[in-house]
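Chains as they are written, first to last, in my numbering: chain S, 1229 to 1295; chain B, 28 to 737.
To be clear, the hints were calculated from the coordinates, so they are not data collected in a lab.
Ideal Cβ positions, reconstructed from N, Cα and C, are used throughout, including at glycine.
Keep in mind that the hints are not guaranteed to be accurate.
Label pairs and their in silico Cβ distance ranges [what the hints assert, rightly or not]:
(1) B:SER355 to S:PHE1251: 21 to 29 Å
(2) S:LEU1262 to B:SER355: 30 to 38 Å
(3) S:PHE1251 to B:ILE204: 26 to 34 Å
(4) B:PHE32 to S:PHE1251: 41 to 49 Å
(5) B:CYS473 to S:PHE1251: 50 to 58 Å
(6) B:TYR624 to S:PHE1251: 48 to 56 Å
(7) B:LEU206 to S:PHE1251: 32 to 40 Å
(8) S:PHE1251 to B:ILE356: 34 to 42 Å
So, partial list: chain S residues that the calculated Cβ filter (under 7 Å) puts toward chain B [as the list claims (entries may be wrong)]:
(9) VAL1248
(10) LEU1265
(11) ALA1271
(12) VAL1273
(13) MET1276
(14) ALA1277
(15) LEU1279
(16) PRO1280
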Amino acid sequence: MLKFIKHHLDTIAGVGIYPVISFVIFFSFFLLMLFWLRRVGSAHVDHMAALPLSDEINTNDTAYHAH
Amino acid sequence: MIERFEYDNRIVKNFLFVTILWGLVGMLVGLTAALQLVVPGMNWTEYFTFGRVRPLHTNAVIFAFVGNGIFAGAYYSLQRLLKTRMFSDALSNIHFWGWQLIIVAAAITLPLGMTSGKEYAELEWPIDIAITLVWVVFGINMFGTILKRRERHLYVAIWFYIATWVTVAMLHIVNSIELPISITKSYSWYAGVQDALVQWWYGHNAVAFFLTTPYLGLMYYFLPKAANRPVYSYKLSIIHFWALIFLYIWAGPHHLLYSALPDWAQSLGTVFSIMLIAPSWGGMLNGLLTLRGAWDRVREDAVLKFFVVAVTCYGMATLEGPLLSLKSINAIAHYTDWIVAHVHIGGIGWNGFMTFGMVYWLVPRLYGTELYSQKLANMHFWLGTLGIIFYAVPLYFAGFFQSLMWKQFTPDGFLVYPNFLDTLLQIKTAYWLRALGGTIYIVGVCIMIYNIWRTVKAGRLVANEAAEAPPLENVSVTSESGHWHRWIERRPIQMLVLSLVVVAIGGLLELVPTFLVKSNIPTISSVKPYTPLELHGRDIYVREGCYTCHSQMVRPFRSETERYGEYAKAGEFVYDHPFQWGSKRTGPDLLRVGGKYPNSWHYYHMWDPTSMSPGSLMPAYPHLFENALDTSVTSKKIDAMITMGVPYAKDFPAKANADLQAQSQAIVADLKKAGVEAMSDREIIAVIAYLQRVGTDIKAKAPAGVAAQP
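Please build the complete structure, drawing on both the sequences and the hints.
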């Protein structure tokens, strides 16, 4: 009963390349990101994490860095 | 050397106050819509029938309430995270007033029935253009601010804002491509299956990139602020960001499971939706764990309470969403009130509570004072939470219950509830309870307004807040060239381009095959363009927002083919600009309604639905019997269709009105036989013509049955 919707993609030339491209892009990007996250220094991460708090006058940066 | 400058608080205050104003308006409109479902008499005049009120509600809460909430939070946090004033006060003000004008235009045009008929994108083309312009102003202002910043690195909240800006621009433009035939009417450029895919690619990502990513930006800024501690894991927030924008853009087709959309696209939507659980829950946990060691403060601090429930609702909704995109669960939940409940966990839980928390946190700071009453804020919190529960639980129950009734068979294989109305009337109580939940929620909002009003009265606006920071040095960055991600964090323009590439790849890979599919959607030879009268009728169907309650998509289930007839085929919709598959069945599916009832049935039914279906909750449409059909635009409409590739004969536009007259005379003659005296120039005749045509082409005997052509 699916005869009406079965062959939608058959006529696109080289349709198989779509999933391959998308998979390669995703996977390599994520590997790169995870690789970078493993390498990044904690000083940088702490600096980034503290950014929202740094405009408050009463923020005690040293107390935070002690964590 | 330290530079002195001032933060612009006035623009934040402006956006924040209209957030509250439009929030109240949008919620009251929503409550009206909820009550209209149980009291059809509340469909006051043609301008406030459910089909027009529902788009008004969705547009108001999404683009006016949440939209202004985004701008308020972003304008506050951008300045502080970048240690600079906004790029241009003039652009800030143009952005503010431009957006409010768009909202007012929407509030006027939607009740007038000016709609493109695509959910959450109903606004007509002049307003679409205005949205684009104002969005560009916002973008220039944001990127200008980023470029003149005094902080080298961009905090993750800003990435979320950038991704939001880029993606919403792309979605809005692609989905709004339409062919105008007048200042107030246009046709979607896409038709049928393609229109559906583009629309839900848009619709899903409107949720993702208008209701989610900017609010995650706000979460990553305001939650650490309110808790006065940094985010639990900054690394996790990076994974959260990239995974979300990578995956979200693909998930749109899960709105079209079991529809006539090609199977591969449906599977794509499901797979990416399931993968979305990981980053979403990573984000939720990151938010909640930021409160580690501060949970004692959650007991007293209303702001934190709102944030905790908001983030929890985000987690619930983003687990539920992927589960709903499993075909087996979708088969039960789709078209029911389950989806409405799901949406509101996100809407009034996540967006609403994030906004309220932000309001309570910001207003005292903007006015240099304390919140008038913590007690009232806590009361608001409890009323709001109660409201969410009273809203959602009855609808979950209603959705599940009604769906099971739709699918229930007797031992002999007949439907237990062949009359759709029987299943609707069973859940009327749930609709009442939902309206009660909404009312409780709105009472909470009113308490907030009082509390904020008293706070504002007690303080004085710090319109320009003094600040100081060292200027950004122009250092060379060779020493860090190995860290490509850090490189990105310092380069907003590259960040913008990369975000665009990421979402555009997703969008293109999802959409392009469907555009190629144009040639491989099997054409069904018996499917013909609409007659001029039917086309007029269809436009009225769109104008009245019939799609808000009626689907035109019979899924390939026995429970549906038994109830409605043959399931829907992709080739049936090739002349549908826009598609009208719908997303919710408060009334029955209409795909096979053509020829099901006599003309006179429709005539009586549109005049007074209860005359044909006792107990019906559908509004009456007396204005269709009063308004004369505007035949002056017939040839323009046919012309537009020809432009978009609908195969009418070249000389047909000139003859269209003669064809129209002949068909309406025939319907009037048929009505007369049934004892109905009708005038042939009224809109109701066109509506009847359309309803009798819907989904009938496939029944027509074509020479080779249904011929598939490549």
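*Is 21 to 29 Å a correct range for the gap between the Cβ atoms of SER355 (chain B) and PHE1251 (chain S)?*
Check passed, 26 Å falls within 21 to 29 Å.
*Lying within 48 to 56 Å: is that true of the beta-carbon distance TYR624 (chain B) to PHE1251 (chain S)?*
Holds - the Cβ-Cβ distance for TYR624 (chain B) and PHE1251 (chain S), about 51 Å, lies within 48 to 56 Å.
*For the pair CYS473 (chain B) and PHE1251 (chain S), does the Cβ-Cβ distance stay inside 50 to 58 Å?*
51 Å, holds
*Falls inside 30 to 38 Å, the C-beta gap from LEU1262 (chain S) to SER355 (chain B)?*
Since the Cβ atoms of LEU1262 (chain S) and SER355 (chain B) sit about 33 Å apart, the hinted range of 30 to 38 Å holds.
*Would the hint on VAL1273 (chain S) stand, with a C-beta cut-off of 7 Å toward chain B?*
5 Å, holds
*Would the hint on MET1276 (chain S) stand, with a C-beta cut-off of 7 Å toward chain B?*
5 Å, holds
*Hold the hint about ALA1271 (chain S) up to the distance rule: shortest CB distance to chain B must be less than 7 Å.*
12 Å, violated
_Let's test the interface hint: is any C-beta of chain B closer than 7 Å to that of PRO1280 (chain S)?_
5 Å, holds
*Do PHE1251 (chain S) and ILE204 (chain B) keep their Cβ atoms within the hinted range of 26 to 34 Å?*
30 Å Cβ-Cβ, so the 26 to 34 Å window holds.
*Given the range 34 to 42 Å, decide if the beta-carbon distance of PHE1251 (chain S) to ILE356 (chain B) lies inside it.*
Check failed, 26 Å falls outside 34 to 42 Å.
_Range hint 41 to 49 Å (beta carbons of PHE32 (chain B) and PHE1251 (chain S)) holds or violated_ = 47 Å, holds
*When you take the CB atoms of LEU206 (chain B) and PHE1251 (chain S), is the distance between them in 32 to 40 Å?*
37 Å, holds
This entry does not satisfy hints 8, 9 and 11, going by the numbered hints stated previously.
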